[in-house]
Amino acid sequence: MTQLALVIDLNVCVGCQACVTSCKEWNTSGEAGPLVDMNPYGADPTGTFFNRVQTFEVGEFPNTETVHFPKSCLHCEEPPCVPVCPTGASYKRKEDGIVLVDYDKCIGCKYCSWACPYGVREVDAQRRVMTKCTLCVDRIYDQDLPEWDRKPACVRACPTNARLYGDIHDPNSVVSQAIRENGGYQLMPEWGTKPANHYLPRRKTRITVREDELERADNPLKIDSQLPKPGRDEPSLDDVTSW
Amino acid sequence: MHPAFSVLFLTTLIGAGQGLFLALFSVEAYAELGLVPAPGSDFFAIGSLLSLGLLGLGLFASFFHLGRPERAWRTATKWRTSWLSREVIVLPAFMGMVFLYGLAHWLQFNPPLGVLPGDNFVLLTVLLGILGTLLAFALFVSTAMIYAAVKFLQEWHSPLTVVNYTLLGAASGFTLATALAAWAETGLVPFLAGWAIILTLLGLVGRVTSLIRNARIQPKSTLQTAIGIKHPAIQQKSQGFMGGSFNTREFFHHRSPAFLRAVKWLFLISAFAIPTALLALAMVMTVDPTNVLIAAFVIQYLGLLAERWFFFAQANHPQNLYYQSVS
Numbered sequence: 001m002t003q004l005a006l007v008i009d010l011n012v013c014v015g016c017q018a019c020v021t022s023c024k025e026w027n028t029s030g031e032a033g034p035l036v037d038m039n040p041y042g043a044d045p046t047g048t049f050f051n052r053v054q055t056f057e058v059g060e061f062p063n064t065e066t067v068h069f070p071k072s073c074l075h076c077e078e079p080p081c082v083p084v085c086p087t088g089a090s091y092k093r094k095e096d097g098i099v100l101v102d103y104d105k106c107i108g109c110k111y112c113s114w115a116c117p118y119g120v121r122e123v124d125a126q127r128r129v130m131t132k133c134t135l136c137v138d139r140i141y142d143q144d145l146p147e148w149d150r151k152p153a154c155v156r157a158c159p160t161n162a163r164l165y166g167d168i169h170d171p172n173s174v175v176s177q178a179i180r181e182n183g184g185y186q187l188m189p190e191w192g193t194k195p196a197n198h199y200l201p202r203r204k205t206r207i208t209v210r211e212d213e214l215e216r217a218d219n220p221l222k223i224d225s226q227l228p229k230p231g232r233d234e235p236s237l238d239d240v241t242s243w
Numbered sequence: 001m002h003p004a005f006s007v008l009f010l011t012t013l014i015g016a017g018q019g020l021f022l023a024l025f026s027v028e029a030y031a032e033l034g035l036v037p038a039p040g041s042d043f044f045a046i047g048s049l050l051s052l053g054l055l056g057l058g059l060f061a062s063f064f065h066l067g068r069p070e071r072a073w074r075t076a077t078k079w080r081t082s083w084l085s086r087e088v089i090v091l092p093a094f095m096g097m098v099f100l101y102g103l104a105h106w107l108q109f110n111p112p113l114g115v116l117p118g119d120n121f122v123l124l125t126v127l128l129g130i131l132g133t134l135l136a137f138a139l140f141v142s143t144a145m146i147y148a149a150v151k152f153l154q155e156w157h158s159p160l161t162v163v164n165y166t167l168l169g170a171a172s173g174f175t176l177a178t179a180l181a182a183w184a185e186t187g188l189v190p191f192l193a194g195w196a197i198i199l200t201l202l203g204l205v206g207r208v209t210s211l212i213r214n215a216r217i218q219p220k221s222t223l224q225t226a227i228g229i230k231h232p233a234i235q236q237k238s239q240g241f242m243g244g245s246f247n248t249r250e251f252f253h254h255r256s257p258a259f260l261r262a263v264k265w266l267f268l269i270s271a272f273a274i275p276t277a278l279l280a281l282a283m284v285m286t287v288d289p290t291n292v293l294i295a296a297f298v299i300q301y302l303g304l305l306a307e308r309w310f311f312f313a314q315a316n317h318p319q320n321l322y323y324q325s326v327s
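In the order they appear, the protein sequences are chains A and B. Numbering-wise, the first sequence is residues 1 to 243 according to the working numbering. Numbering-wise, the second sequence is residues 1 to 327 according to the working numbering.
Looking at chain A on its own, in the form it has when it is part of the complex (with noise of 0.2 Å):
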């Protein structure tokens, strides 16, 4: 079983936006046709986007910490938004686990979107049916892109690849030694859907120094620092030595 999912890096991402333009790009350029984009110039712009980028502050002034957060579709491993499709519409691909909606059966009626506990479903305003992250998935598959471009449009356009894509279900896929080794975790798992996506939590790089570590421990006669030293006023050795 292949379950294709992103991993997302909130060390790394510094929330340019790069992956959400990115995806509005690729995604209204469609077959599907466009995702609407309603007053874009005027007093309050409205319109569909498979992929949002917020940002958080955790801690209190001035400990605090900003974490930009990508937020899309999590292609869950039990989607609940899924069996309540009474048109069907709304689909799990068995053979790489993408969750999807077919846009040609979609009545419209939102009710996915109540069943999803993550926000990611978006009703297309023009198009009049629900919409989401396809994981690119006429992208992905595409015999005419070269296989290195062969990746959902998000992860091509970040730019400190803070997006990894691959199939969760492989013990040896990039994603899942990332989530393995550097802690991925998933969103709300009190509800049991499973996310497929997974998040790499913030990680901080500190060594810790002692005294000891400084003054060389393992010297106990203490050799180097019986070493005649130079005076602070005295040359030193880079010109010329006093012992």
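No wet-lab data here; the hints were simulated from the structure. A portion of the hints provided could be inaccurate.
Said to hold, decoys possible - Now the stretches of chain A that chain B is said to cover, found in silico as 3 or more residues with beta-carbon under 8 Å:
#: 1; segment: 67-79
#: 2; segment: 176-184
#: 3; segment: 187-193
#: 4; segment: 198-204
Claimed, not checked - If you only want the chain A side, here are some residues facing chain B, beta carbon under 8 Å, derived:
#: 5; residue: Arg52
#: 6; residue: Gln54
#: 7; residue: Glu60
#: 8; residue: Pro117
#: 9; residue: Tyr141
If you're wondering where the values come from, they're calculated on a predicted model, not measured in any experiment. Ideal placement from N, C-alpha and C gives every residue a C-beta, glycine not left out.
With chain A held as given, fit chain B onto it using these hints.
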């Protein structure tokens, strides 16, 4: 959640239609047993027509909820998993049964279909009535389960939702049947008004129970589980866009807490208190109570619209955790 008027009208109108049919068949069943005076067949025919009208209006309203109503026929396909699909199947089936029931009464076509032990005849209208009653309850369950089955909406995810949809629909239907009886068959007014009061009071108990339950709900999801960061102090600084989106429109009522409280008291008074008082008044009135009972139904119906509005507005979707701050 955003209360969409299409759904408010759908659930309240078909609820009243189902309740009215249950009231009609209750009258027929009691009359068969000789407990209430048997009304003329016109009473059932007009009642069924009225019920059919309410169901039809509800069905009509539901189409406004769909983005692609021309594809609505597809909704009947996934009845194995989707309560919405089940409702779409049961509603027309129930309407068909109400139509046949009314037609049989109107034509006075009521042949005995068989004989039960004790020389009791199985009448066609009774058989249709029993089938209709089963479908009415199936429809109450399907409609309510659409909401009760969504586990993410903890305010809805409870058997109380099913109980309340059934009781409130039945109460408004019995009130309407009482008004109909006052106009067509005055002998039935005490019987129907009595049941309408009982159902309204039971509905009040059910609704207040769910209000108490919902006031104590502990949200399962928090901002911490939503983004997976274990820190008590997290604030959203940007939801990723400045304008609105489907997510900011569909899942929030955009009203103040004071407005919600006002609607709550409005529906408690207008869906329960006033109709109960008017029904009780009609039971003791010596003059024609038709107008009082029509007022009771209209006030109760408007109260139930407010109740349904509140039902939606009170439900807090976990996705709102992601949409708390524009920028």
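Against the structure, the hints:
1. 67-79: It holds: at least three residues are needed, and the segment 67-79 of chain A offers 3 whose Cβ sits within less than 8 Å of chain B.
2. 176-184: Check failed, 0 qualifying residues.
3. 187-193: holds (count 5)
4. 198-204: holds (count 3)
5. Arg52: With Cβ-Cβ at 4 Å, under 8 Å, it holds.
6. Gln54: holds, 5 Å
7. Glu60: Given a least distance of 5 Å, the restraint on A:Glu60 holds.
8. Pro117: holds, 4 Å
9. Tyr141: violated, 27 Å
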